[in-house]
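S.K.: Chain A is already provided as a structure; the job is to place chains R and Y on it using the hints.
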Amino acid sequence: MIPGSFNYHAPSSLDEAIKLLEDLGEDAKILAGGHSLIPMMKLRLAEPDHLVDINGLSDLDYIREDVGVLCIGAMARESALEKSELIAEKYPILKDTSEVIADPLVRNLATVGGNIAHGDPANDHPATMVALDAEVVVRGPGGLLDSGGRTIAIDDFFRGPLMTALAENEILTEIRVPCPNGKSGAAYKKLERKVGDYAIAGAAAVLNFDGDTCSKAGIALTNVGPTPVRASEAQDALVGTSVSQDDADKAGELAAAASQPVGDHRGSEEYKRAVVKVLTSRAIMKAKERAAGGN
Amino acid sequence: MATQSITLTINGESRTAEVEDRLLLVHLIRDNCALTGTHIGCDTTHCGACTVLLDGTAVKSCTVFAVQANGREVTTIEGMEGETLHPLQEGFMEEHGLQCGFCTPGMIMSSKHLLDHNPNPTEDEIRWGISGNLCRCTGYQNIVKAVQHASNKLQETTEEGGE
Amino acid sequence: MSKCKTSPEVGGMGHSIKRKEDPRFIRGQGNYVDDVVRPGMVFMDIVRSPYAHAKIKSINTEKALAHPGVAAVITGETLKEYNLHMMPTLMSDTQMVLPIDKVCYQAQEVAAVVATDRYSAADGVELVEVEYEPLPVVVDPHKATDPDAPIIRDDKEGQENNHIFHWEAGDKGETEEIFNNADVTVKEDIYLPRIHVASIETCGCVSEFDSVTGRLTVWLTTQAPHAIRTVVALVAGHVGLQEDKIRIISPDIGGGFGGKVPVYPGYVIAIAASVVTGLPIKWIEDRRENLQADSFARDYHMTCEIAADKDGTLNGLRIKTLADHGYADAAANPSKFPAGMFSICTGSYDFKKAFVEVDGVYTNKPPGGIAYRCSFRVTEAVHAIERMVDVVADEIGMDAAEIRMNNFIPKDAFPYQSPMGWEYDSGDYHGALKLAMDKIGYDELLKEQAEKREKGELMGIGISSFTEVVGAGPSKDFDILGIKMFDSSEIRIHPTGKVIARFGTKSQGQGHETTYAQIIAEELGIPHSDVTVEEGDTDTAPYGLGTYASRSTPTAGAAAAVACRKIKDKSQKIAAHLLEVAEEDLEWEVGKFSVKGVPDKSVTIQEVAFAAYTNHPQGLEAGLEATHYYDPPNMTYPFGSYIAVVDIDPDTGEVKIRRFVAVDDCGNIINPMIVDGQIHGGLAQGVAPALFEEISYDDEGNITGGSFMEYLVPTAMEVPHFETDKTITPSPHHPLGAKGVGESPTVGAPPAIANAVVDALSHLGVRHIDIPITPEKVWRAINKQNAA
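Protein chains in written order, with our numbering: chain A, 1 to 295; chain R, 1 to 163; chain Y, 1 to 788.
Possibly wrong hints are sitting among the right ones.
Unchecked claim - What follows is a set of in silico ranges between Cβ atoms, one per label pair, in the way DEER data are often shown: (1) A:Gln245 x Y:Arg658: 20 to 28 angstroms; (2) R:Asn32 x Y:Pro68: 13 to 21 angstroms; (3) A:Leu45 x Y:Glu157: 40 to 48 angstroms; (4) A:Asp49 x Y:Ser211: 37 to 45 angstroms; (5) Y:Ser7 x R:Glu83: 51 to 59 angstroms; (6) R:Glu73 x Y:Thr704: 37 to 45 angstroms; (7) Y:Glu448 x R:Asp116: 22 to 30 angstroms; (8) A:Pro141 x Y:Pro68: 33 to 41 angstroms; (9) Y:Pro88 x R:Glu83: 48 to 56 angstroms.
As the list claims (entries may be wrong) - Capping the alpha-carbon separation at 25 angstroms, the derived lysine-lysine pairs in BS3-like fashion look like this: (10) R:Lys145 x A:Lys194; (11) R:Lys145 x Y:Lys20; (12) A:Lys194 x Y:Lys656; (13) Y:Lys80 x R:Lys145; (14) A:Lys194 x A:Lys216; (15) Y:Lys18 x R:Lys153; (16) R:Lys153 x Y:Lys726; (17) Y:Lys777 x A:Lys194; (18) Y:Lys726 x A:Lys250; (19) A:Lys95 x Y:Lys656; (20) Y:Lys726 x R:Lys145; (21) Y:Lys784 x A:Lys250; (22) Y:Lys172 x Y:Lys156; (23) R:Lys145 x Y:Lys439; (24) R:Lys145 x Y:Lys18; (25) A:Lys250 x A:Lys183.
Source of the hints: derived by calculation from the structure; they are not laboratory data. Just so it is clear, CB atoms sit at the ideal spot from N, CA and C, and this is done for glycine as well.
Chain A extracted, bound-state conformation:
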């Protein structure tokens, strides 16, 4: 219940935050929403010597569209994503995702950036972002505010459980999601034991259509591997089809085969694969429905 001691720093600018990370080195951790980190600190599973609180960086808290891209500031709260009209209208998969993260109170503080930067394959945004072919913008000591930092493609971001491409002295500042192009739809489905739990499994599906034929598919899975799992074969199998129920089920099977679930108290390996199959199929059909103008 009681965390270990640490030194608290509250920078008021991104540059200051990055400088702190550089000076303090590996003994420092970023405090954003804090709802992954602080619970671990209270169990003394994480005992950083320094916390760099970036909640003061309010200019990282935004949800806006730029040309051809949705830009989500890393400090955008999950509750903001959940309630955003722009998201509900144009990116409902992100609403699907944010509204199943933990519970409403946690979502009031938890950040989109944190959900991704933590690198936990049990978190929900990673799979969604993979399916969306998102990219993340990262700033480190080399980059000044107007130099743009570096951009990392989502497929290169997740390296392993709690391991990402972020260097020790880097901060994730923005997530960029391509705007829907033409006829497209996307959905996220999660099975959880109760509200607030991590996923038994989750599946994100993003479909692009050329007329009635699927031209591109993004399928990714939550909590069934050391990182979010991109189900490439399932994706390939959908391209060129009209995405019938059979096509969706077949893709579900391929996604299940691509997943690497571990048996634990949320379910056995066998069950989790079965859930992957079902959720993938359902996410695909929902994405198709949205592409056709449904909600």
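M.R.: Chains R and Y only, in chain A's frame:
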């Protein structure tokens, strides 16, 4: 042991305290400020008994450091009543929305946030809105009724005031 | 609902009076144990074992003691000096307060750190260095009595294995006869897993010893303050703590449900530490400690059999149970009932013969078997019988409602002697089930189910028609540690007609401050708002056994009624004196004595109260008060019928409760609003184990379910909206005709849900699924049948 001086407003009153960096906000509220209406029910950020408003937003105060509240406004259950009880407090009494009372302050604070953002919620929306708060006694049914009671009362007041 | 005898202003029985305790809670002004602050108070935190079974090689406290803020570290050796390292359990077993030689369960208390503040105490715990030598563990109770099983309680003289007790009830031979001659027999293994009360407030205490007066005061999360006081006096009497110098204060309690009945080692360590250091000591456990170390509930492995006729007449019941008690039998059962009221398992049905046997064993798990909202193992009994009745129905192809209606004990058969020796006081099982069926639209649901099955959709309807046995209990049969299970009420009326009433029970949310006031209002016509109710302070409250097992209304509520009647008798004498008539010439109408035939010649109870101090008849004692210790002549038997409707996702196994109808009968009702609240809460605590909650252990004795991450307490999203209704069948022996209700829903709900799920899958050949019915269990049941 790293400490610092923080100043925050709790229920409209300014408070200054010298605190350890690691002090949890809930302990600042309960121990330093002797406002024991906010409760602790777990250690994994699940139960919501510690819910307070931080700058008007409902948060679990066991998962926020006191230093993060520096310069900010905290509202606890003790700050809910003005000259009269808040309609949520009345609603919980009228509709038997509490039994042992331990989860109640957290429930009321979460419900306040819910009604601030959704003044006329459906039963499903209420259940969704309080899904971060656990109760063992009531089965939630009368808590839903309590929130509905408050929602009706607040809307009446708004209508009367708004003309 | 029968018409109330009193007006709403007086607020006697039947009125939904708003609760008198609420104003402080909704303002955050409750006074729970962690709110208590004493001058000079220090904090205690506990070092716990990571191993389920291990020798303690050494405990090094040096680093901890060197940490700023740490004042002391207490070990088993420290307590042994005062002979306080062991203590009795409520079942007359023994358990360690702090170990000397070895630990017997994961999270067992090993040492305690006392420090100036919570944070330093927590740091101190991290710094205590304990060297363990792991020992082989016993986790599977079925293996506990294997010849090569390690003996867990080698500290107990004469304990040569891990067997604790063998207990039987009913008639073995005659039951066997019935089975031998039966048309139909069915058998199922039913496991009710370990669960935890998980009340939102965890356990704790503040212990303060005044070395000048020799008085010990302990604010304690307890449902039974007097029993605790006596236990402390017995355990620590040898260090000078005698019972008149011990005060236990149970302030506001954030939920009990049975989990705050046992005496936990943390309390005893804190008490010892406060006496030895002379400082007030606060100990509040955190949630993981609460889930991992405090007494659990259930953990019954039952092999159940029913013998029936071809037409579904139920004749014989046989259950063999293996009870996993953890490393000590710390169950809070009445002493003659090591398996509680398990023999109520013939339930609402008129069995001819029955036999049960229960064997309790030790394992390397936390001690217990507490009564979690189940009146001592009634959840286990009811789950077994309600599941088995459905199994018989499935075997012979009979409808679940029909088999119940055909076998219910009829209304005119009460008082009813069960084959297990219980005398059921009253019941109308047919009435309750019929009402539930009408309310849910049973026949339409059956039609809907048939249509859905054609389409491959899964929908189930489950019934549970339970009989509870509560109100422990009559002194001839019931005691805890030898203390009889009466309860008490002390009522005093002040000159201005206001009342103070104190009780031996202790509410943890049941609303006694309101309901007891309503009983007094009913009996004496004094407005409930003029009655102050107090419980929980052993210095002032009359002796009682506390609140659990739905016993308050049956025992202390009855005591209040009887005490009021004593007051009324005396009042009649005073009234006669005031009105200058003979007592026989008076008649009583709520709150008033008047002369027969001359209604304007009357005095109110308030005028009588004033006269008791100012104008009492010569020869009669002044004052107006009475105390009664009520020894119930029998238990009471609330009952009900619940019907659950579930829809199942065939691909994921997810179960959704579509509807839940609950018809309860708790006899005459004091406050309908409070009864409904108890039912909602109890139903939620029935849904929880049915679908979500379980504490389990791996082969090394490591716990799963030791935090709210894995122990899945349902939120408002998982708990359905309940449709409740009532029948009223008063208890013939209770002074108010009331029975108690708090536990009925926790007892009745799990089998209703389990029966519904099995019903949804029965056409696929599924006959039984153990709770918690997780989506994976359902998925496996479906797929196993499909593969077969």
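S.K.: Please name the hints from earlier in the document that this structure breaks, with their numbers sorted from lowest to highest.
M.R.: 5, 7, 13, 14, 16, 18 and 22
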